[in-house]
Amino acid sequence: MARRRLGPEGRFLLMALPGAIFVVVFLLLPILSIIVFSFWRTESYTLIPDWNLDNYATLFGTTTYMTFLLRSFTTAVVVSLASLVYAWPVAYFIAKHGDRYRLLLVLALAAPFFTGIILRVTGIQGVMGPVGVINLGLMNYGLQPIDFIMYTQTAVGIGVTYLFIPFMVTAVYLSLLNFDFELLEVAKINGAKPWRAFIEITWPLNWMGTVIGLVLVFIPSMAESITPRFLGGPNAASFGQVLGLQFGETGTWALGSAMGVLLFAVSSLVILLMWRTVNLQRSGFTGGGH
Amino acid sequence: MSKESPKSRSSKARNTGVSRRSLLKASAAGAAAAATTLAAPHIRNAEAATMNIRMLIWQDYNIADTVNEFEAKYDVRVSPAFFDGNSEAFNKMKAGGTADFDLVMADGFWPRLYYRDGLIQPMNEELLPNLANLFPDFAPPAYNLLLDKPGGVRIGANNCWGSYGITMNLEHIAPEDRESLNIMFDEKYAGHLATGARFEENIAMAGILAATQLGTVDGPRPDGDESFNPYHLTDEELERAKELLIKQKGLLVTRYQDYDSLQKLMRPGLVWASPEFSEIYRRLTRAYEAGEIDFQVAHMLQPKEGGLGWIDSWQLSSGTTDSEAVELCHHWVNHYISNESMTRVAKIGVAPCYDVREFLPPEEVSLLLMDRTVELRGLHMFDQPSSPEKWERVWSEVEAA
Numbered sequence: 001m002a003r004r005r006l007g008p009e010g011r012f013l014l015m016a017l018p019g020a021i022f023v024v025v026f027l028l029l030p031i032l033s034i035i036v037f038s039f040w041r042t043e044s045y046t047l048i049p050d051w052n053l054d055n056y057a058t059l060f061g062t063t064t065y066m067t068f069l070l071r072s073f074t075t076a077v078v079v080s081l082a083s084l085v086y087a088w089p090v091a092y093f094i095a096k097h098g099d100r101y102r103l104l105l106v107l108a109l110a111a112p113f114f115t116g117i118i119l120r121v122t123g124i125q126g127v128m129g130p131v132g133v134i135n136l137g138l139m140n141y142g143l144q145p146i147d148f149i150m151y152t153q154t155a156v157g158i159g160v161t162y163l164f165i166p167f168m169v170t171a172v173y174l175s176l177l178n179f180d181f182e183l184l185e186v187a188k189i190n191g192a193k194p195w196r197a198f199i200e201i202t203w204p205l206n207w208m209g210t211v212i213g214l215v216l217v218f219i220p221s222m223a224e225s226i227t228p229r230f231l232g233g234p235n236a237a238s239f240g241q242v243l244g245l246q247f248g249e250t251g252t253w254a255l256g257s258a259m260g261v262l263l264f265a266v267s268s269l270v271i272l273l274m275w276r277t278v279n280l281q282r283s284g285f286t287g288g289g290h
Numbered sequence: 001m002s003k004e005s006p007k008s009r010s011s012k013a014r015n016t017g018v019s020r021r022s023l024l025k026a027s028a029a030g031a032a033a034a035a036t037t038l039a040a041p042h043i044r045n046a047e048a049a050t051m052n053i054r055m056l057i058w059q060d061y062n063i064a065d066t067v068n069e070f071e072a073k074y075d076v077r078v079s080p081a082f083f084d085g086n087s088e089a090f091n092k093m094k095a096g097g098t099a100d101f102d103l104v105m106a107d108g109f110w111p112r113l114y115y116r117d118g119l120i121q122p123m124n125e126e127l128l129p130n131l132a133n134l135f136p137d138f139a140p141p142a143y144n145l146l147l148d149k150p151g152g153v154r155i156g157a158n159n160c161w162g163s164y165g166i167t168m169n170l171e172h173i174a175p176e177d178r179e180s181l182n183i184m185f186d187e188k189y190a191g192h193l194a195t196g197a198r199f200e201e202n203i204a205m206a207g208i209l210a211a212t213q214l215g216t217v218d219g220p221r222p223d224g225d226e227s228f229n230p231y232h233l234t235d236e237e238l239e240r241a242k243e244l245l246i247k248q249k250g251l252l253v254t255r256y257q258d259y260d261s262l263q264k265l266m267r268p269g270l271v272w273a274s275p276e277f278s279e280i281y282r283r284l285t286r287a288y289e290a291g292e293i294d295f296q297v298a299h300m301l302q303p304k305e306g307g308l309g310w311i312d313s314w315q316l317s318s319g320t321t322d323s324e325a326v327e328l329c330h331h332w333v334n335h336y337i338s339n340e341s342m343t344r345v346a347k348i349g350v351a352p353c354y355d356v357r358e359f360l361p362p363e364e365v366s367l368l369l370m371d372r373t374v375e376l377r378g379l380h381m382f383d384q385p386s387s388p389e390k391w392e393r394v395w396s397e398v399e400a401a
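Those sequence lines, one after another, are chains F and Y.
Sequential numbering of the first sequence, starting at 1, is according to our numbering.
Sequential numbering of the second sequence, starting at 1, is according to our numbering.
Since the hints were made in silico from the structure, they are not lab data.
Check the hints yourself; a few may be wrong.
[Said to hold, decoys possible] Some but not every residue of chain Y turned toward chain F, in silico, with C-beta under 10 Å:
| hint | residue |
| --- | --- |
| 1 | Phe90 |
| 2 | Glu200 |
| 3 | Lys249 |
| 4 | Gly250 |
| 5 | Leu265 |
| 6 | His331 |
| 7 | His335 |
| 8 | Pro385 |
| 9 | Pro388 |
Think of the CB as a built atom: it goes at the ideal place given N, C-alpha and C, for glycine as much as any other residue.
Pulled out of the complex, with its shape left as it was, chain F reads as follows (with noise of 0.2 Å):
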């Protein structure tokens, strides 16, 4: 019996399939939902179809929720940079000299991973808290405790920067994998310093590696919640945390939504202005198929 085959076309609809159903499924029909239910208003837990704006002229008409906005867009901005001057030596280290353990060490990073993040920010608690290691250890030796570093805006960026660190560090490290160190030598060899080889050839050509290190610590910090609420103190509400809220407690699903909408839209801002900074020849991108 002649079988028929899939022609080429056939196969890319084919294959292409899965990822277009989780892509509808999973994020455009939740963001769709939400930009609807950003119109609408809810009374007493109930949400009523009634077209208005009210929800974008709470957040914009008032200081409150942009106070929660600029607390968490600072936040995430300092945690990604935190996390760019941790992550990047890190990174050329175990790329350069890692090795045979190269993946091991790469596996040691994400070790953190292995365990829930309620769990993870209750040990940082153990290690910054009032009674904590860190303040137990200087009491021991007759010195002030530091109070900062708990229940604090500055504790929560700890926390955030501990949480995302291994995303930036992987990042940088995958992009490091593909880079040719022979450049470095013959850079020496012409005379640069291997701080100017490292400004004029390592860092902008893995400056791909280190946008998408830079999304995936920024988008999440931007949105983080369970951190604030563990480790920040009363003055340390942020953005996520209070659009978590409207969904929970509050029952103000309509103001959540037009919060989700705020956050969607400024993450996806934040990606393009990232994204423009990219020269694809310049990075070294041999993508496209041309």
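Use these hints to put chain Y onto chain F, whose structure you have.
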């Protein structure tokens, strides 16, 4: 559906190129399907024999021994799911939860709200004989919130009770401050106070103090209330409560998320006072008696301005309509409120609404406040905010300030 002769089927098979092997495979699959179909009624009966009680409850009440006993006795399965706050559970039930849960737990006024919205159904007292062991302070007419209205139908079965009182370190809190809510807003104790993260109770507690300061407690009430209810505040009271909460932020170490976090702050003496459900009071009292800490604690059950309290209870979901399932749910509730089960609940540190004092050592009876049930009568019961939207704005403004 048209019928085909064996001949025509055979001829069709040949024409479409179906091999003998594949025909045999198809026949075997068909036979298996037919056998499954024939056996299906029996399979369904076997599934129906193991009924499943699905309940939405506070996690503390998921006690393995109690569940195992019931499952063995009735040959059913008990499947719990958990929530962290009354509004969260209410939201779940409104968002289709009546189809997902047979039983739900709620505090204070919440059962009436569930009933008003058609989320629960009346319960049959005749199937709940263990209600007879209720403390009189928790039964009608002293406590009517588990009837749809005074003298009305029963809409829930009591479980446990408590207050959202203030536990304080007696070494640091001055005697003259130990009976007032002011303690939580007093600059004298700055840097040594903590509150819970629950927004409703934070606003309600500040609302009691706000109404006291404004002198409006005995004035005309909004929403047709006959007496003061801290969950139904006037705009003026709500505004004052917001001011108090903003001021309080500067005095707080944190808003704790769980008992363990609060214990870690109170035990070493870093936090001196905090509202809580008396769990930390019990833990620290036991620690003091064991010589593990050198300060005593007290629990202010009812501040002089008024306090918050709760009775949690079992409700039957309106989505459970099968008579056998309804009866089984009643059996579960009756089993749960039995003396044996309630003694277990007491041993995990929650005060039952049922008189199980004879099964507990005297010190536990005292720690569980089981000799102070009469004080519940003066407490304001947990309720739904008059306007969740308005309260959300207030809380967000406090958090952003």
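So, going through the hints one by one against the coordinates:
For the restraint placing Phe90 (chain Y) at the interface with chain F, the shortest Cβ-Cβ distance is roughly 6 Å, inside the 10 Å limit, so the hint holds. The interface hint given for Glu200 (chain Y) holds, since its Cβ lies 7 Å from the closest Cβ of chain F, which is under the 10 Å cut-off. The closest approach between the C-beta of Lys249 (chain Y) and any C-beta of chain F is roughly 4 Å, which is under the 10 Å cut-off, so the hint is satisfied. A cut of 10 Å between beta carbons decides the hint on Gly250 (chain Y): the least distance to chain F is about 8 Å, and the hint holds.
This hint holds: Leu265 (chain Y) has a C-beta 7 Å from the nearest C-beta of chain F, less than the 10 Å allowed. Annotation: interface hint on His331 (chain Y) violated; nearest CB of chain F at approximately 31 Å, more than 10 Å. Interface hint at His335 (chain Y): violated, since its Cβ lies 31 Å from the closest Cβ of chain F, which is beyond the 10 Å cut-off. Nearest Cβ of chain F to the Cβ of Pro385 (chain Y): about 9 Å, under the 10 Å cut. The hint holds.
With a cut of 10 Å, the hint placing Pro388 (chain Y) at the interface with chain F holds, because the nearest CB-to-CB distance is about 5 Å.
Against the hints set out earlier in the document, violations occur for numbers 6, 7.
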